[in-house]
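Build the full structure now, drawing on both the sequences and the hints.
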Amino acid sequence: MFRFLKKRVSRKDAAPSAAPDRGILVFENTSDVIQAEKRLKAHGFSIAVKGPPPEIQKGCDLVIEFPLMEKLTIERHLESAGLQPLAVVPVTAPLLEPVSLFHTKDFGRYLMVRAANMKITVDKDSLRIVNISGGGCPDVPYLADRLVGQSLHEAPQPKDIGHTLCGYALQLAYEELCRRCLP
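Per the UniProt record's numbering, the sequence shown starts with residue 1, numbered consecutively.
These are computed hints drawn from the structure, not numbers from a lab.
Note that the Cβ used here is the ideal one computed from N, Cα and C, for glycine as well.
Some clues are possibly wrong.
[What the hints assert, rightly or not] FRET-style restraints, in silico, Cβ to Cβ:
{"id": "1", "residue 1": "GLY149", "residue 2": "GLU28", "range": "37 to 43 Å"}
{"id": "2", "residue 1": "ALA81", "residue 2": "ARG109", "range": "40 to 46 Å"}
{"id": "3", "residue 1": "ASP106", "residue 2": "ALA48", "range": "18 to 24 Å"}
This is how it looks when you write it as structure tokens:
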């Protein structure tokens, strides 16, 4: 599955920088990524959850991008929490670049943010959530029912009412939407 990690990169294919400054943590499942993200952010690490590079992409997987200089400290924090990544990979080539989870589409009056497979759309004038879509998890209809019609100021955070990967992805989209729309 991770044969690409064992491949040698020829000098002409190597990235131009001598020392990569970022790495990615690859986990077996999404719940491990979510737990690792919470733990690392609680300890002040500058990390980001992203989509995996195409070479390791499967299903709804996520990876954590982190400053490579903090690799040993991060590994110790994760080990103390019982979280073991499948791989810790330096981002040394464009093909290993993690993919941004966020895609934004401006429809004039409406702004839509997609994170992974979940989309949230807001009316830019009133800041009311007008649509929730995507996913395939059992809590998506419930999340849509609770959020559509609410303003960004009043709406509950998806992480507080959702219980699946879709709820987690919707939380990421919600946070990005708030970052773009709220002062």
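Now the hints, each set against the structure:
1. Taking 37 to 43 Å as the suggested C-beta distance range, the pair GLY149 and GLU28 conforms, at roughly 38 Å.
2. Distance hint for ALA81 and ARG109: a CB-CB separation of about 44 Å, consistent with the stated range 40 to 46 Å.
3. A hinted range of 18 to 24 Å for the beta carbons of ASP106 and ALA48 is consistent with their spacing of about 23 Å.
Of the numbered hints stated above, none is contradicted by the structure.
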